[in-house]
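A.B. asks: From first to last, the protein sequence lines stand for chains A and B. Read left to right, the first sequence gives residues 50 to 188 (the numbering used here). Read left to right, the second sequence gives residues 1288 to 1942 (the numbering used here).
Possibly wrong hints are sitting among the right ones.
What the hints assert, rightly or not - What follows is a set of in silico ranges between Cβ atoms, one per label pair, in the way DEER data are often shown: (1) A:K138 / B:R1881: 23 to 29 Å; (2) B:G1308 / A:G144: 41 to 47 Å; (3) B:V1428 / A:R76: 48 to 54 Å.
To be verified - Here are some chain B residues the structure puts well away from chain A; computed CB gaps all over 12 Å: (4) V1332; (5) K1524; (6) I1539; (7) R1805; (8) R1902.
The set of hints was computed from the structure by calculation and includes no laboratory data. C-beta atoms are modelled at their ideal positions from N, C-alpha and C, and glycine is treated no differently.
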Amino acid sequence: MSFEPKILGVLCKWCSYAGADLAGTSRKKYAPNVRVVRVNCTGRVEPTFVLKAFEKGADGVLIAGCHPGDCHYLEGNYKALRRFQLLKKMLAQMGIDDGRVRLEWISASEGERFAVVVNEMTERVRKLGPFAKNGGSNG
Amino acid sequence: MTKNKAKVGVYICHCGSNIAGVVDVKDVAAYAQGLPSVAAVKDYVYMCSDPGQNIIKEDIKHLGLNRVVVACCSPSLHELTFRRACQEAGLNPYLFQQANIREQCSWVTEDAALATVKAKALVSGAVSRVVHQEPLEKREVEINPNTLVIGGGIAGIQAALEIADGGYKVYLVEKTPSVGGHMAQLDKTFPTLDCSSCILTPKMTQAGSHPNIELMVYSEVEEISGYVGNFKVKVRKKAKYVDEEKCTGCGICQTKCPIRVDSEFDAGIGKRKAIYTPFAQAVPNVPVIVAEECTYFIKGKCRACEKFCEPGAIDFEQKDEIVEIDVGAIIASTGYGVFDPTPMAHYGYGRLDNVITSLEFERLVSSAGPTGGKIQLKDGSTPTSIAIAHCIGSRDEKYHEYCSRVCCMYALKYSHLIKEKTEADVYQMYIDMRCFGKGYEEFYKRLSEEGVKFIRGKVGEVTDRAISDEEKGKLIVLAEDSLLGNVMRVPVDMVILCVALEPQADAENTARKLGISRSADGFYLERHPKLDPVATTTDGVFVAGCCQGPKDIPDTVAQASAAAARALAMISKGKVEVEAATAHIDEERCSGCRICNDLCPFSSITFDEEKKVSRVNDALCKGCGVCVAACPSGIISGRHFTAEQIIAEIEGVLA
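Input sequences plus hints: build the corresponding full structure.
C.D. replies: What follows is the structure, encoded as structure tokens:
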């Protein structure tokens, strides 16, 4: 059997989670590899969450929130973006391929896009192979 | 209640076959049984039904459950339902967690086995999280009894009048110089053919004179802050350069003004002056000067209007004014825009004289319009044949996928009006006739007996290239008659394009100010398409009319009244429950670094200079969690979204 990656999805409740719901009501089929955790805002996402996910067996992490300017809390997504840049630097230093994390803006009306992003992310992580916690060569 | 004594009940919903048709619910139930702290697992065909909820309530009472997980649809649908069920059984509603195994699992996964694996992961996440959830108490805040209605078309007028009649104050903000909206531009209304002005103008007048309505025309909402019950709104009242108190509405200024420009109200087929009221029955009947068009503002001289204004109402020194108002509820009734068919070059709009849009025809046929209701061609002659092309920009994947819902019916209305006023032959080129409302099908039947020619097929092209004598000097409409299966060339004098209703050009901007979402078609998104069609995901903000999606006048009025009822219900209760999930600073451990102070987008964190600690104002905090994630000491906790809870869920879904 081919490798089925486990991907953590952290979605903001207002835009991306609603977008994922829309994919459902529109019956868009997509890869079942992303397991979603709902947060109020991507601004709530601590870098620790991402590291914890890798520690607990995730092969990738997808964070998705409102488009710039659309944040329900005005600017939480900008804060998420800044933290994400820092996080990527930190992951690089830890030897984690930056293809394993992705930050996306997906609105409540972009059900189709949510499905596309999940499929892309799944394929990308599938290519990277399982995440090895010991910093092994495939990390 | 300590965590190691958590007793979790897990309920798996079949949702008929929506979930159970894909996900093996029995297998998920068996899996849940083995999860830590789980004391009871049941599956049922409809958990949200009364019997379904009763299962939960009984178990809470008899098995002593202190945590509940329901794996079913999206929490946006039934989180409140199940929270309420818990509460009714004496369990704090915040001790409930929902796992979304329908929208985000059974509906989107092809492979049943993989869907079942995913459902188990989501249930595991919810169980893992719920153990760490803490009881919270909902807070109540006082409601400001005033309401803001944005947009003064029929939807806004109706909503404003309902609330004002209920005894509460309404601010009705309209961006043009008069209320009335698109309905004021219409001649007759289908299917009853009663005159639009005759039914609308009394309502406009009422809105203008109602003691509880403060009308703010030529004004736009600049900024909205605050939250349900307590919004603060900044409204820009644009300078009219006319003193409303002094103006008597005599209209002499408009006759004296030398500048003629295209009238927006007449859809560009009529003219207005640089100082104008959009139409004769405007409410309020006070003209405005458009500075960009006025000779005095451009060249520094003219002032003709001022010279002839007896009451001396012209005031060139007027400035825009920012008015701040406090309201408890907001109704958005900002209406629609009209699709511009110019990009569809094959229809020749803008290039061929007598190819006009439906709104232009509406003004042409109106007895108060530029021709006094005479249906005429650009050269002033009367047409002998007219084609009405349906679905221009609607039901078209290149432009708008949706059906604009009103075009079939107004096209039928046009047929009748044309037949009434001229001898012209009328052709309806349609994809499907959609006559769904009360009395609509009957109207269609009546019209088909009035000698109108119906051709089932969308117009492919309108051209002036004649290939026979009969076609010379005519517009030739090419359409495939899909019932007969042949392509027709129909020579006519006039073509009316039934253009789509689309979101207002500034809908995106307005949605941002309101903090509401839009659906894929660009219209405002209602909270639930069936069960909550007037609320939005932002508490206290409601939608009415075409800003939520194309609809006819009866539906618009019904939705406006519904929005008003929702606002009134909130106001009359006097208090509203607000989210208990807010941030909390542990003052004992706060280092006073103040990083959170500036981060908070709602200025809800203040610094106590005496104690040197930061403090969250619960009434202002919206629970976004930005401060929680940023606190370097990790001592800000997000109630109901603590790091512990989120990490537990992450561990759960990855287990």
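A.B. asks: Each hint should be assessed against the structure and marked as holding or not.
C.D. replies: Hint by hint, here is what the structure shows:
| no. | hint | in the structure |
| --- | --- | --- |
| 1 | A:K138 / B:R1881: 23 to 29 Å | 26 Å, holds |
| 2 | B:G1308 / A:G144: 41 to 47 Å | 44 Å, holds |
| 3 | B:V1428 / A:R76: 48 to 54 Å | 40 Å, violated |
| 4 | V1332 | 20 Å, holds |
| 5 | K1524 | 25 Å, holds |
| 6 | I1539 | 46 Å, holds |
| 7 | R1805 | 6 Å, violated |
| 8 | R1902 | 19 Å, holds |
The structure fails to meet hints 3 and 7 from the earlier list, while all remaining hints are met.
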